[in-house]
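Chains as they are written, first to last, in this note's numbering: chain A, -8 to 322; chain B, -8 to 322; chain C, -8 to 322; chain D, -8 to 322; chain E, -8 to 322; chain F, -8 to 322.
One thing to keep in mind: the hints can contain errors.
In silico lysine-lysine, DSBU-like type, Cα no more than 35 Å apart, as pairs [said to hold, decoys possible]:
no., chain 1, residue 1, chain 2, residue 2
1, D, K53, C, K177
2, C, K53, D, K184
3, B, K319, A, K53
4, A, K158, B, K158
5, F, K158, E, K184
6, E, K158, E, K184
7, B, K158, A, K53
8, F, K53, E, K158
What the simulated footprint calls covered on chain C by chain D, stretch by stretch (three residues with Cβ under 8 Å from a Cβ of chain D suffice, anywhere in the stretch; the number is not a length) [stated by the list, open to error]:
no., stretch
9, 63 to 72
10, 127 to 140
Chain E residues, not near chain C, derived (Cβ > 12 Å throughout) [stated by the list, open to error]:
no., residue
11, Q115
12, P203
13, Q204
14, E238
To be clear, the hints were calculated from the coordinates, so they are not data collected in a lab. Keep in mind the model is a prediction, meaning the values are calculated, not measured. Where a beta carbon is used, it is the ideal one built from N, C-alpha and C, also for glycine.
Protein chains: 6
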Amino acid sequence: MSEELFQPAPHVLSGDTADVYFLRTRQVMEAEGLNPTAAMEIFPHRDGIVCGMREVTALLRKALPQGAEVWGLEEGEPISAREVVLRVKAPYLSYAVYETAILGILAHESGWAQAARECVEAAQGVPVVSFGARHVHPLVAPYMDYAAIVGGCATASTTLGASMAGKDASGTMPHAMIICFGDTVKAAVAFDKQVEPEVPRIVLVDTFLDEPQEALRVAETLGEKLQAVRLDTPGERGGVTPELVQEARVRLDQAGFHHVRLFVSGGVTPERIRQFLATGAPVDGFGVGSYITSARPNDFTADLKEVEGQPIAKRGRIPGITDNPRLKRLI
Amino acid sequence: MSEELFQPAPHVLSGDTADVYFLRTRQVMEAEGLNPTAAMEIFPHRDGIVCGMREVTALLRKALPQGAEVWGLEEGEPISAREVVLRVKAPYLSYAVYETAILGILAHESGWAQAARECVEAAQGVPVVSFGARHVHPLVAPYMDYAAIVGGCATASTTLGASMAGKDASGTMPHAMIICFGDTVKAAVAFDKQVEPEVPRIVLVDTFLDEPQEALRVAETLGEKLQAVRLDTPGERGGVTPELVQEARVRLDQAGFHHVRLFVSGGVTPERIRQFLATGAPVDGFGVGSYITSARPNDFTADLKEVEGQPIAKRGRIPGITDNPRLKRLI
Amino acid sequence: MSEELFQPAPHVLSGDTADVYFLRTRQVMEAEGLNPTAAMEIFPHRDGIVCGMREVTALLRKALPQGAEVWGLEEGEPISAREVVLRVKAPYLSYAVYETAILGILAHESGWAQAARECVEAAQGVPVVSFGARHVHPLVAPYMDYAAIVGGCATASTTLGASMAGKDASGTMPHAMIICFGDTVKAAVAFDKQVEPEVPRIVLVDTFLDEPQEALRVAETLGEKLQAVRLDTPGERGGVTPELVQEARVRLDQAGFHHVRLFVSGGVTPERIRQFLATGAPVDGFGVGSYITSARPNDFTADLKEVEGQPIAKRGRIPGITDNPRLKRLI
Amino acid sequence: MSEELFQPAPHVLSGDTADVYFLRTRQVMEAEGLNPTAAMEIFPHRDGIVCGMREVTALLRKALPQGAEVWGLEEGEPISAREVVLRVKAPYLSYAVYETAILGILAHESGWAQAARECVEAAQGVPVVSFGARHVHPLVAPYMDYAAIVGGCATASTTLGASMAGKDASGTMPHAMIICFGDTVKAAVAFDKQVEPEVPRIVLVDTFLDEPQEALRVAETLGEKLQAVRLDTPGERGGVTPELVQEARVRLDQAGFHHVRLFVSGGVTPERIRQFLATGAPVDGFGVGSYITSARPNDFTADLKEVEGQPIAKRGRIPGITDNPRLKRLI
Amino acid sequence: MSEELFQPAPHVLSGDTADVYFLRTRQVMEAEGLNPTAAMEIFPHRDGIVCGMREVTALLRKALPQGAEVWGLEEGEPISAREVVLRVKAPYLSYAVYETAILGILAHESGWAQAARECVEAAQGVPVVSFGARHVHPLVAPYMDYAAIVGGCATASTTLGASMAGKDASGTMPHAMIICFGDTVKAAVAFDKQVEPEVPRIVLVDTFLDEPQEALRVAETLGEKLQAVRLDTPGERGGVTPELVQEARVRLDQAGFHHVRLFVSGGVTPERIRQFLATGAPVDGFGVGSYITSARPNDFTADLKEVEGQPIAKRGRIPGITDNPRLKRLI
Amino acid sequence: MSEELFQPAPHVLSGDTADVYFLRTRQVMEAEGLNPTAAMEIFPHRDGIVCGMREVTALLRKALPQGAEVWGLEEGEPISAREVVLRVKAPYLSYAVYETAILGILAHESGWAQAARECVEAAQGVPVVSFGARHVHPLVAPYMDYAAIVGGCATASTTLGASMAGKDASGTMPHAMIICFGDTVKAAVAFDKQVEPEVPRIVLVDTFLDEPQEALRVAETLGEKLQAVRLDTPGERGGVTPELVQEARVRLDQAGFHHVRLFVSGGVTPERIRQFLATGAPVDGFGVGSYITSARPNDFTADLKEVEGQPIAKRGRIPGITDNPRLKRLI
């Protein structure tokens, strides 16, 4: 299923998700017999990295006739504000109705990928996992996770999103499961008994008791099988802090559980990642959610710059093809 | 097709877009024979309005067994930060894997709806149209447009989004079409000739010439048939300003074109809408794009608050059902 | 002993704590046979309340000869910046060497009293207790506690300070005691067994376990005898928050312990008190430490304004007695 | 008398200035027969320098039994926030009631010493004298002056404070004396006649006339015997400024009084000292008062970290002895 | 001479102070035989009051032919940003070269007048005198003083400026004169002896001695003849402060000189005037200099809005005559 | 005429533009027979460059008797705040009444010159022309232009101002002329036909049409004779931006008009000049108006420092001649 997600959905192909004026443009120009070869260029509004090229290319491959040319950057490359990242040269009506979809795919995914990149760069090698599916519409949750992995995340929490990027999904257990069991240790024991051995045993330790206390109880029960504990302390208890991680580490070490790793989630941002690293807190992994999902889309703009070989542009733009040696022929 | 969009997609129903730990929770609890009746409550992080209830209810209707209870607010109602807006009471495993999807639908759509609401309130009766499809992934563009209309927009630019809310899509013509024709008047004449008469004649007038000059040229050609002109001046020419609208109005009026209305788009925000109104600029409609699409999702949180009739909660939350007389029985 | 604290100490009386130039002034003027009747006026630098008048009056009563006049405000009265709060009229050499001590007593105590007043006003009737002895030198700790009570505190933590103001000292138990017992419940039981029944049973509940959990354990053990619990959560666990107080209240109430009151300490300031009250957190008492002890002294200045009945003053000051109808004859 | 000031006062030794809960702790634990050997560690809240160790050591020497260990830094050493600066290892009840006094001594004196240090560092070799006795309670005025000298001040204005640090007190004359004489020159002449020759002749020159004018009058009268003049211009006349010092210097030099030095007081802070030096104002000494006396105490915290040889700590702290190679064995 | 200053100077009339392109415009249009009747409108950039209308009208009266119309506001009226304050309707070449001069006169004088107005409004009836001639070129110093009086000043310091507004100039004596006499009292006596009796005796009292001291010396010498003293304390002595004025008042009153008034100058601004009044300082007059002279000109813009009876305007402006019922026919 | 402008005007020489107290000083001192040789020093309040020395020297040459000395800096030299830039040594009454004029000339012209310098430095070699005559009174417009050229401007817009500095005035054509012709191209053709060939053909292109469009129309008509176009876009159309300049350049180049240069005016400041240069916009010249004309005068102060060879000064100033080796003998 995941490969399918790179192919255009039927209602995208039909233009039903496009701005309606493109449908009318097609209607008018076809009736007038006007379909010039036109070059469209696309540029982003902010610096960042580009994501969505793979999906856009699949859409254009479906749409364009023989002889069309598409030039662009590759998935995940860095981009600068107002730099041309995609150029399509083809009879205009073959792609007119897809301008909305192309811009939307690039805007949304590049926004997510860049936010993920900021976290990954802040983390300096400590793995970052995308945990934000709960903050976006489920139809785009896999695309968001895919973009996060393009941006450098180690993996993501949705099966579909992770598999689009060739990864296995990652996750521990929800508070709800622990509440159903009524006790973290009981939940951990059941998890360990029932789940395939290749799934890492990572236990959430902030549900009922103070975290270091709970971490010790779980470690004493699962012993060597416990791979990590996850700290997701709610804001009402101060959130996860560098001091909490350090204390958990020392108390686990003093009890001999050096092998148990510490995973941090909840309100994680690049700024907070840097604070953790600056204080030397021994974090073994970060889960990031809303920093990525609340990233503003990196809006893209499309301009016709050449019609039938002649430079042209609307007011405010430079007429003619823009030179960008970084572009590669994609189609 | 648009009604279908309120029904859960197959890969949402299968849990493939869920956080993987909910799949594992189901696996563990089923194996352990644990499936208590549990009450889950959901609250937002910010004040605003709720959107997505219609889609969430459709999903729960598919998922829950007989005897389950769902209480919630109605689509578009105002909400306060941390107020319970949805309560599900049912055997936990019947809905466990949908927590991710439910939260994501509400977060994304409520974020968009609230941003639209802010524009609509600023506009004090002047119609606002959602023009942001180009800034979001095409799979959610219709949901974004739907949410914008729930938030008060008059209509939206995508066929599918507008129809989800029972509206006709709205649009004029793109710069690209005018560039293909090489002249705004030629494009306007062709549009007028080819498009069904019930579609309003609204012409974009900033492509090649100074706006009032172009507006006069178009008005002189289309005469009474011209319903409106759209000003979408690029930032490189100062964007659309109250002074520009006033000047266009006077110059059209001085030439006798009192019937031609003025539609403004490009970087429109509540703040800018208020500036237009404060200066008395005679705007007849606003097109809003990125203010809505770059709204942060209004993140929601789900908590188990009761298990088998007993109040319970994780640390930091108040155990037991939260009283909220605004909730109505939905299922 | 506490009444003695209002009497001047021998090394204060001897002038050994005075600026040395007053000793030299006495030496020079005595040698020159100069000892005019002079009126000295004293004013504060900031608005606030005055504290230290009782101690200053005791000192002047010791120092001044027959016929001297002292006019002043009463302990705890409000004062304005630059308002005359004390006037001494006597042969100059009888009080010259005490200018340093008089100003210092008023500055230090008025600073503390005003800070306490700010807390008490913020608390709108919820009792505030002075807990700051650990932040000041032990020789002035009682004076700080006395000033805090003059400023409106219900009582204070030092025996001597409380008794200076006619109060019983207040306190619960330190973390150190609980650590020695190794368990909060064991410490609470021992305290209950050994301490006179009139001392309230107030147990500190943040030492080893999450606060509501610990509060419930203590309440289940001491039952009706438990008067209150104190929340003093360290910054490493987020400090005490309104949400924590509310949750502790609900969890205690759900378990039937409606009679157990909640006492909050740790980083308490007027600003934080107002936040607690604004959120409706059910706090039954506040312990304030460093806000009071880190208050800047309200510096006072002394000016000679009349010598042998003639108005005089240094440059920048108005010569002659300043009219202030609020002053009462003290000596 | 001054050496006595390093010895604990009777009411400190009795615990009457302690938080009352320590007295109750002693009562409970004695009754329960519990008196474990415990290690207490103490750390400051801010960076700075430590002061009060001499007095604390004297107190512990009185209190602790044979076999106790005390490790700490030396008077005046630099300290970092949260660095352990003192460790006591002894039967807990031998020192329990002194926690309040130990923390208070260190907090108050370290706060003063650090503020003095900031002035001294700003002054780059120009002597700084502590003039703040009038802003603190007379019982701690000597400790404040002692701490200021530990922080680097050349000396201080109280006899007792200066002698605690092995210095002679410094001072000129008060405005009040000049007002009694009615004229600065008359006061200066009387001072010169009556005071021991080893006391420097430093005359205050802002009482009645413009400073340079008065300085010249005094210099013309005392001639070579005049060592310095003090500028203490009130805020109502603009305070002392670099320009005033420069002008006074030039006018004295033009009249041949190159030997008369200039001493500045009144509102002096590190920031203002830096401004004086930056403009090259020829200041020969600074008197600092409220910058030192209004310094916030550098609050200290005490934690039990080991009981009967086992690492332990309250939540939020790291259990066990903290390694700090800078500590030396004091007892 | 002063009336002459309202007439255009020869090199203004000749166009030598105009932007050269107006000279070329005249040359081209005359050669082309083009001289249409045109309406020019002028508006300011900021709110304020208008000054310069009298001079502009005199210039236009010289320049315009029979039949021309000039409409405008009167000298000193309030104006709003972008409000039309002057309209000229005449053959264009009759006034083309004076656009520069008209705009410049209005800009410079309206800027000064508005700044003066702000001082006068702040002073609430206490007289304000324009003292800024020394901060502007002498050729415009009279115009600046005239504008200040239009803005509400009681009078000004230059003979010519004051007389343009029908006032007598006001002034005391400069520091330089006192320095030449070597003593303020000697200078005051000479002034009193030599100057016509109708000139008020106002003596500057900050040159050599502290101001209240000097004021008393002068008052004792001149007695009833002394009308006022001027305080102009330099910044190096803290400038004039409310406290200084109050002290001078008290010391004069204590010596019986109730009749001597106090005049304040030096760095006076509306903000400082408000501070004086707020503290109740008994100021009898303010001298204002650089606040008025450093006012930004209130730039004006001229637009042709009608040519041969047809509405016209450049891009960005509304074509046609602007309705403003406040304008009166001036020519 | 322009050389005359450096000579004092009759009403300046007569003292009618002076502060009236200087006239009274002359009257008093003459009557008292007092006319000592006095040295007056003048210093500025801010850093900058000095302008007005040429005019001041001409005035002093007229005023001073044989034997007088004048020392000063040269026109246009850099100056520091409070640095002595002019010293006059002569019988005091020979120059007393000119203090006002001397200070005013230096203040006003130095303020303008420094503002011009800031623009010129920002422009890094791109010519800057003074266009601000319309913002100042016409009597000082030439002095402002002269000062701007002293500050580094290439030339200025007034004939008289430019000629004072030995330059030809520069200008294009006003909007008013184009409006009279009704079309930019018609105005340009007439200009080209009627004006001397040595005047550059520079055409203003923002009056009626979008700038690049108009620039192309003019270039197509005048061809090689067109030297430059001026962009002066009003704020209502976004002002001139780097992007507009770049687009105009490209569109002119694509049409083969590489020789047409681009001149920018309207709201130009050093900050905006730097923005243009930072973006690489191909600007060939800047016209600056209100940045220069709204510069605060750099106020100057005059002090008598020596009378009959003796150092003297008012309070707050250093008595005696100030050493400044940069001063040269001017008279």
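- Query: Going back to the hint list, which numbers does this structure go against?
  - Reply: 3, 4, 5, 9, 12, 13, 14
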